[in-house]
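Can you build the whole structure from these sequences, using the hints too?
Chains as they are written, first to last, in numbering that gives the first Met the number 0: chain A, 0 to 260; chain B, 0 to 661.
What the hints contain is simulated information worked out from the structure, not anything from laboratory work. Some hints could be false.
Stated by the list, open to error - Not everything, but these chain A residues come out facing chain B in the computed CB check (under 8 Å): (1) N164; (2) E166; (3) N167; (4) I184; (5) P186; (6) Y187.
The C-beta atom is built at its ideal place from N, Cα and C for all residues, glycine as well.
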Amino acid sequence: MKVSYYPGCTLKTKAKELDKYGRRAAEALGITLEEIENWQCCGGAFTSASDEIATKLSSVRALAEARDKGQDLITLCSACHNVIKRTNDAMANNADFSMKANNYMKLDTPYTGETKVIHYLEMLRDTVGFDELAKKVVNPLKGKKIAAYYGCLLLRPGKVMAMDNPENPRIIEDFIKAIGAEPVIYPYRNECCGGYITLEDKTIAAKKSNKVLHSAAVAGAEMVITACPLCLYNLQKNGTEDLPVVYFTELLAEALGVKED
Amino acid sequence: MQKIGVFVCWCGSNIAATVDVKRVAEALSHENGVVYSTDYQYMCSEAGQNMIKDAIKTHGLTGVVVCSCSPRMHENTFRKACSLAGINPYMVEIANIREQCSWIHKDMVQATAKAIILGKAAIAKVHLNAPLTAGTSPVKKRALVIGGGIAGIQTALDIADAGFEVDIVEKKPTIGGKMSQIDKTFPTLDCAACILTPKMVDVAQNELINIYSYSEVSAVTGFVGNFTVTIKKKARYVKEDVCTGCGLCTEKCPQKKVPNEFNLGMDNRRAIYIPFAQAVPKVATIDPEYCTKLKTGKCGVCEKICTAKAIDYNQKDEFIEREYGAIVVATGFNPIDLKDFDEYAYSQSPDVVTSLEFERITNAAGPTAGKLLRPSDGKHPHTIVFVQCVGSRDTSGCGKPYCSKICCMYTAKHAMLTREKYPDTEVYVFYIDVRTPGKSFDEFYRRAVEEYGVHYIKGMVGKVAPEGDKLMVQASDLLAGEQLNIAADMVVLAAAIEPDKSARPLATMLTASMDTNDFFTEAHPKLRPVESPTAGVFLSGACQGPKDIPETVSQASAAASKVIGLLVKDHLTCNPCVAESNELMCNGCSSCEKVCPYGAITYIDKEFRMPDRTTLVRRVASVNPAVCQGCGACTVACPSGAMDLKGFSNNQIMAEVDAICK
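Structure follows, in structure tokens:
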């Protein structure tokens, strides 16, 4: 099975592991991630200004390309997923936005939100199935207590992202169970890590990140996993708790026995 | 040829504002067979009915068409009027030009044209109407009440008070329901046990009331006045008529680690138990899931110590068949499961409790003997946060879209009682809205705020995070427009309420309808609130919608009065619009029998004289007119067209369609 894949800039630089292990694991599961051609930066954050079109055009280009190939568009980075999915929703449901974006793009066929944007985790849950995934695990991470960290971009706004219950999610916990480990439930798993505030004031980001890490550590976690490069950065660089933070794809690749070259 | 009168109702402005009623009356006066046509402001009023009666006499009408509201509203009114004027009540047809026309259209020209067409269809049908005579069926003078909470108890007491036998079927070992778990009741703060347990005793002592506790309804057949119900009496492994309720066995049973459901699992009971001291019947029950004797064959302590010799490990489930004239559903409610609301940390901390658990904690007979102590460490909490609408008014899909109605008031009660007994405790209540409609309800809530200093904050709690021995509550204060962080010792969640899980299978057995939330639907939301649309089935209490105790008791008594009204009759008039099989056309294929939801169709072998004077025995369908409800499913299923519904024959319906399409 082939799907269109949008990696995003960070996955080519700071977050190469998220991308590398994601691709390997997908192959092991019989899914080929076909990187779409000529993709550009998603814009990094979805601007709330409704007349801000320019920063969303690269998302529209990626979405239109997946549509032309007749494929779903898979994303991996939480931030890219948030921007592309929300842009797609605006293209489908906001006529004014859609008209302006199409006027800029001058595509052969105007784009109106036809592509299905699927996060890698949703692909594991809905296309592969966590039960099937569990069967393909060769190195179950038995007894490992893992805390899922969602951050804020993956789940919210809940009605548009429609991935899981934003207040009480379970998709990463179910993923952790599928790879044979034990999920740790802790209260701050869907709180913000501080995000881009680290550029302005590291102390705020440190406070936010430590709150998350501390809460996970108290709940007995040995490790935190995430899908977001910025979350990983904040937890690792600004957090002071001694708790490893890794991308979920790394554990997936390990469980499927495809981590090592 | 029929002589038909047409009567067009204005319904004040309900119809006349959108439909040109004069034009309708005029247009229909030219229809074949119509000898009289008129319009009037309120046809259902006495003056309107007199117009119909007078016209029947003056013009010798044989059929009547009333263009008015839905037949569910006034068909009976007009049938009765016609019958008083001497024509068969089934010669009346209603053209619904209100619900199906004036209320749903805006354009007068279109609506008027449609009203005329609906009138023409009714006229076409009346031409084929035949006088029908209703038969009668006897009424079994006994009622069944399903559920033994306060709703079921009140209904049963009222029915018995009128002199009729009542059976209560209760699935738990005792009657009493949710009210028996409650400490005090709003808005007067009288103790729930003090007002409930005397009623429970009244039920037990009333000779006309028979309690089937630890029992469930497993099958229902029959119809209004003549239900046959199979009751499954679950094995309690104790002879009910021998046990004296001394309680010795519940103290000596070595299996001590059984979560006590009466205290919502906050303490333990034994494998043999009496749910609470005032239980009715006060009889022990063995829990087969935990009893060592039943599971492994070893133990038998309770049998050895029981002086009354009431223990019987070999008891089996028993099935009892009983006949009833009426059935009252009083299956009640439960708080929802909070697994989809873990942002409030219910699964993460024992100090996050539901309101019903809080009720047990504050109850003198509860796990802490009425002292307000946190479940985790038994310490007195100094800051308590109450969260309202947990799963109520929730459109996210995790909870219930409706308002659970009782939570605002019981939370005000909890907050007030906490401040009263423990003035050193800070109490916060987070709410979306405070809803207090009810006698003395708003005054009660205001007392909590004004006299007891409870902090009411408009806004919802986003997260509860256990940190050390505190619960960090993140919330927003919408009026002040700020984020709040409160370090609480205890959090109390006002969980939404939902119908008991037993309600849905029961509704299927009773062919009673339910709404999308599994609450039983009433026959009419305003005018018939305690009757189910299924004849002979009545609704009492929260099975019909969220209700507090005063409202439940009112509805329970109302349901009882409806039951009494039914049981005083010796015979019921049957609906004559029932199915009938044309035996000459029936080929005995059984299609109709398979689709009949009431079991009204059986097959008989019948002798037929053939044209060549031989005799042929054929299997043909036969409808029991007392059981048939006239739904018409069989007439559609019948491949040979032998089944027909009196009053709604295939010919009549085709004539209506022709009139509409002409």
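Cross-check of the supplied hints:
no. : hint : verdict
1   : N164 : holds (6 Å)
2   : E166 : holds (4 Å)
3   : N167 : holds (5 Å)
4   : I184 : holds (6 Å)
5   : P186 : holds (3 Å)
6   : Y187 : holds (6 Å)
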